[in-house]
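Trainee: Just so you know, the protein sequences line up as chains R and S, in that order.
In terms of my numbering, the first sequence has 276 at position 276, counting the first letter as 1, and numbering is strictly consecutive.
Each number in my numbering corresponds to the 1-based position in the second sequence with 282 added.
These are calculated hints, taken from the structure and not from any lab test.
Just so you know, not all the hints are guaranteed correct.
[As the list claims (entries may be wrong)] Far from chain S, some chain R residues (derived; all Cβ distances over 12 Å):
| id | residue |
| --- | --- |
| 1 | Phe-35 |
| 2 | Lys-116 |
| 3 | Glu-237 |
[Claimed, not checked] Pairs of lysine-lysine, DSS-like flavour, derived with a Cα cap of 27 Å:
| id | chain 1 | residue 1 | chain 2 | residue 2 |
| --- | --- | --- | --- | --- |
| 4 | R | Lys-58 | S | Lys-458 |
| 5 | S | Lys-477 | R | Lys-161 |
| 6 | S | Lys-477 | R | Lys-84 |
| 7 | S | Lys-458 | R | Lys-19 |
| 8 | R | Lys-149 | S | Lys-480 |
| 9 | R | Lys-221 | S | Lys-458 |
| 10 | S | Lys-477 | R | Lys-58 |
| 11 | S | Lys-458 | R | Lys-74 |
| 12 | S | Lys-458 | R | Lys-24 |
| 13 | R | Lys-79 | S | Lys-458 |
| 14 | R | Lys-29 | R | Lys-221 |
| 15 | R | Lys-161 | R | Lys-79 |
| 16 | R | Lys-117 | S | Lys-480 |
| 17 | S | Lys-480 | R | Lys-161 |
| 18 | R | Lys-116 | S | Lys-480 |
| 19 | S | Lys-477 | R | Lys-79 |
| 20 | S | Lys-458 | R | Lys-149 |
| 21 | S | Lys-458 | R | Lys-161 |
In this text, a Cβ means the ideal position worked out from N, Cα and C, and glycines have one as well.
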Amino acid sequence: MSIIFNHVSKSYDADTQLKTDALKDVSFKIDDGEFVGLIGHTGSGKSTLVQHMNGLLKPTSGEIYVDGKDIADKEYSLKDLRGKVGLVFQYPEHQLFETTVFEDVCYGPKNLGLEKKEVELRAYEALKQVGIEDDYFYQSPFDLSGGQKRRAAIAGVLAMKPEVLILDEPTAGLDPKGREEILELVSRLHRENNITVILVSHSMDDVADYADRILVMDHGKLVYDDTVHEVFKHVKELEEMGLAIPQVTYMMYDIAAKGVDVSTDITTIDEAVEEIMKVWSK
Amino acid sequence: MIRDITLGQYYHADSVIHRLDPRTKLVGTFFFIIALFLVKNPLGYAVAAIYLALVIKLSTVPLRFMLRGMKAIVFLLLLTVGFNLFLTPGEPIWEWWKLSISAEGVRIAYTMAIRLSFLVIGSSIMTLTTTPNNLTDGLEKLLSPLKKIRIPVHEIAMMMSIALRFIPILLEETDKIMKAQMARGADFESGNIIKRTKALVPILVPLFISAFRRANDLAMAMEARCYKGGDGRTKMKPLKYAARDRLAYLAIFAMLAACIIVGRMI
Numbered sequence: 001m002s003i004i005f006n007h008v009s010k011s012y013d014a015d016t017q018l019k020t021d022a023l024k025d026v027s028f029k030i031d032d033g034e035f036v037g038l039i040g041h042t043g044s045g046k047s048t049l050v051q052h053m054n055g056l057l058k059p060t061s062g063e064i065y066v067d068g069k070d071i072a073d074k075e076y077s078l079k080d081l082r083g084k085v086g087l088v089f090q091y092p093e094h095q096l097f098e099t100t101v102f103e104d105v106c107y108g109p110k111n112l113g114l115e116k117k118e119v120e121l122r123a124y125e126a127l128k129q130v131g132i133e134d135d136y137f138y139q140s141p142f143d144l145s146g147g148q149k150r151r152a153a154i155a156g157v158l159a160m161k162p163e164v165l166i167l168d169e170p171t172a173g174l175d176p177k178g179r180e181e182i183l184e185l186v187s188r189l190h191r192e193n194n195i196t197v198i199l200v201s202h203s204m205d206d207v208a209d210y211a212d213r214i215l216v217m218d219h220g221k222l223v224y225d226d227t228v229h230e231v232f233k234h235v236k237e238l239e240e241m242g243l244a245i246p247q248v249t250y251m252m253y254d255i256a257a258k259g260v261d262v263s264t265d266i267t268t269i270d271e272a273v274e275e276i277m278k279v280w281s282k
Numbered sequence: 283m284i285r286d287i288t289l290g291q292y293y294h295a296d297s298v299i300h301r302l303d304p305r306t307k308l309v310g311t312f313f314f315i316i317a318l319f320l321v322k323n324p325l326g327y328a329v330a331a332i333y334l335a336l337v338i339k340l341s342t343v344p345l346r347f348m349l350r351g352m353k354a355i356v357f358l359l360l361l362t363v364g365f366n367l368f369l370t371p372g373e374p375i376w377e378w379w380k381l382s383i384s385a386e387g388v389r390i391a392y393t394m395a396i397r398l399s400f401l402v403i404g405s406s407i408m409t410l411t412t413t414p415n416n417l418t419d420g421l422e423k424l425l426s427p428l429k430k431i432r433i434p435v436h437e438i439a440m441m442m443s444i445a446l447r448f449i450p451i452l453l454e455e456t457d458k459i460m461k462a463q464m465a466r467g468a469d470f471e472s473g474n475i476i477k478r479t480k481a482l483v484p485i486l487v488p489l490f491i492s493a494f495r496r497a498n499d500l501a502m503a504m505e506a507r508c509y510k511g512g513d514g515r516t517k518m519k520p521l522k523y524a525a526r527d528r529l530a531y532l533a534i535f536a537m538l539a540a541c542i543i544v545g546r547m548i
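So here's chain R without its partners, still in its complex pose:
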């Protein structure tokens, strides 16, 4: 399923002095099965951008096409859209409300108007996918640990069987183990279920490790839209935007500065190891 943004702009409080342009003429296309990283400074318009993808926000001008259809069309069902494009908000565990974990995960598919059996089957599958054991199914979601709560909340979106999964800072506030669990989960969903993933993140390392392509937002504008390697070549520009490049890329720059002839076009630890071994063996 493809998502196309055609010259999308969004301003808040348009007719007052407080007018702010959250998105300025943003155009791009995301294809089926891609893993896209979305990075940008706080307030750069990342969250606004992703909320347009499932119709929570309406653009002030421009069009958005999902699967070739304009989502602003009157006939277009927003309910269907929200089933297809799953959006996991920042701190999704803050949206848990049911008495049991299982009930909470059922909420999404139930809203889609599915049969009870199908709803429960989906909830069961989703909870299994995120790695929550049966023992926890009938506990209160508020008794789970931080990482488990987050995974249960993600299951709540997965149970709707989305074709596109958008995650807004899914690892914020988690410990390293929790972070890795979430990112591995997302990566597995992408590989095994062929879900299109859009990962909003502050961590350049995470994006470099998992995404194939990166969108960079700055002050509501889409500045770069390219492969990971290409985007992280713009070291100076990214730093000026308050962003950075992956730690390991900085390390390669340092090594190169010491006079060792290594490539700096490296974004993951695996690539770095390979490059260093290659230079070493020469």
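Following the hints, position chain S against chain R.
Mentor: Leaving out everything else, chain S in the frame of chain R:
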């Protein structure tokens, strides 16, 4: 959606009225209301109207902001006027079927209408030109003599300002939770009243939990900074009367006196 609601109707500007001490404005509003209820004849209302117009002019707040407050009481106003107009006993000056209007009714109806609308406009000048926090500060200071009879004035004022501070935060939180549940297919707009009320549960439960969590965090942060209530506490910006406040008090008492003399004696 919820973003559009503005709370605490403070209108930012830099006028004489804005700069007045909040205590002056509270006392001024209080005496203005008293004056409105002491006045007995149209001339007195004219005095009050002139005073009100002068303050509005000085405050530089556009008139439509004042009138916005009136919208809320239009229904109440019509009801009061209607009841007084038709149900006041007296010599009828107009009759139709079972309805009759007496001269006394007309008089009471228009007095009530003027009183009510002046009252609302007068108090909205205060809220439009004073930030909610300033207002609670002023209230705390004005009520501080009540401490002598063991009323926890400081604590009440602190609770008020915290409550005010939390309103925009909780509104933002509500917006976020609503969007998160909408992303899970929630529908808050269709169905009958029972269905809609039920649809609120997924918003209210997370909202309450988050409110408690925030309250807990705030209490902890206050305690970590040795907050222990009002005793011996000093202010970063203590309220201080300036020359303009003395002038304002003079104007307030002049208005009160003028209203009493003109409105009751002539």
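Trainee: If a hint holds in the structure, say so; if it does not, say that too.
Mentor: Hint check:
1. The Cβ of R/Phe-35 lies farther than 12 Å from every Cβ of chain S, with a closest approach of about 20 Å, so its non-interface assignment holds.
2. With a closest Cβ-Cβ approach of about 16 Å to chain S, R/Lys-116 is found to remain outside the 12 Å limit, as its non-interface label requires.
3. At roughly 31 Å from the closest C-beta of chain S, the C-beta of R/Glu-237 stays outside 12 Å, upholding its exclusion from the interface.
4. Distance restraint check for R/Lys-58 and S/Lys-458: the Cα-Cα separation of roughly 16 Å lies within the 27 Å cut-off, and the hinted pair is therefore satisfied.
5. Restraint check: the Cα-Cα separation between S/Lys-477 and R/Lys-161 comes to about 25 Å, which is no more than 27 Å; the hinted pair holds.
6. For a cut-off of 27 Å, the pair hint linking S/Lys-477 to R/Lys-84 stands: about 25 Å separates their Cα positions.
7. Pair hint S/Lys-458 plus R/Lys-19 holds up; C-alpha atoms about 21 Å apart against a cutoff of 27 Å.
8. This hinted pair checks out: R/Lys-149 and S/Lys-480 have alpha carbons roughly 24 Å apart, not beyond 27 Å.
9. A distance of roughly 23 Å separates the Cα atoms of R/Lys-221 and S/Lys-458; the hinted pair therefore holds under the 27 Å criterion.
10. A C-alpha spacing of about 26 Å is found between S/Lys-477 and R/Lys-58, which places the hinted pair at or below 27 Å, so the restraint holds.
11. Distance hint between S/Lys-458 and R/Lys-74 is fulfilled; the C-alpha atoms sit about 25 Å from each other, no more than 27 Å.
12. Using a Cα cut-off of 27 Å, the hinted pair S/Lys-458 and R/Lys-24 holds, with the two alpha carbons roughly 23 Å apart.
13. Distance check on the hinted pair: R/Lys-79 and S/Lys-458 sit about 18 Å apart at the alpha-carbon level, within 27 Å; holds.
14. Our distance criterion of 27 Å between C-alpha atoms is met by R/Lys-29 and R/Lys-221, whose separation comes to about 15 Å.
15. Of the supplied pair hints, the one linking R/Lys-161 and R/Lys-79 holds, its CA atoms being roughly 13 Å apart against a limit of 27 Å.
16. This hinted pair checks out: R/Lys-117 and S/Lys-480 have alpha carbons roughly 22 Å apart, not beyond 27 Å.
17. Only pairs whose Cα atoms come within 27 Å are accepted, and S/Lys-480 paired with R/Lys-161 is accepted, the gap being roughly 25 Å.
18. Distance restraint check for R/Lys-116 and S/Lys-480: the Cα-Cα separation of roughly 18 Å lies within the 27 Å cut-off, and the hinted pair is therefore satisfied.
19. A threshold of 27 Å between alpha carbons decides the hint, and for S/Lys-477 with R/Lys-79 the separation of about 17 Å falls inside it, so the pair holds.
20. Simply put, S/Lys-458 and R/Lys-149 have alpha-carbon atoms about 18 Å apart, close enough for the 27 Å limit, and the pair holds.
21. A threshold of 27 Å between alpha carbons decides the hint, and for S/Lys-458 with R/Lys-161 the separation of about 22 Å falls inside it, so the pair holds.
When each numbered hint is compared with the structure, no violation occurs for any of them.
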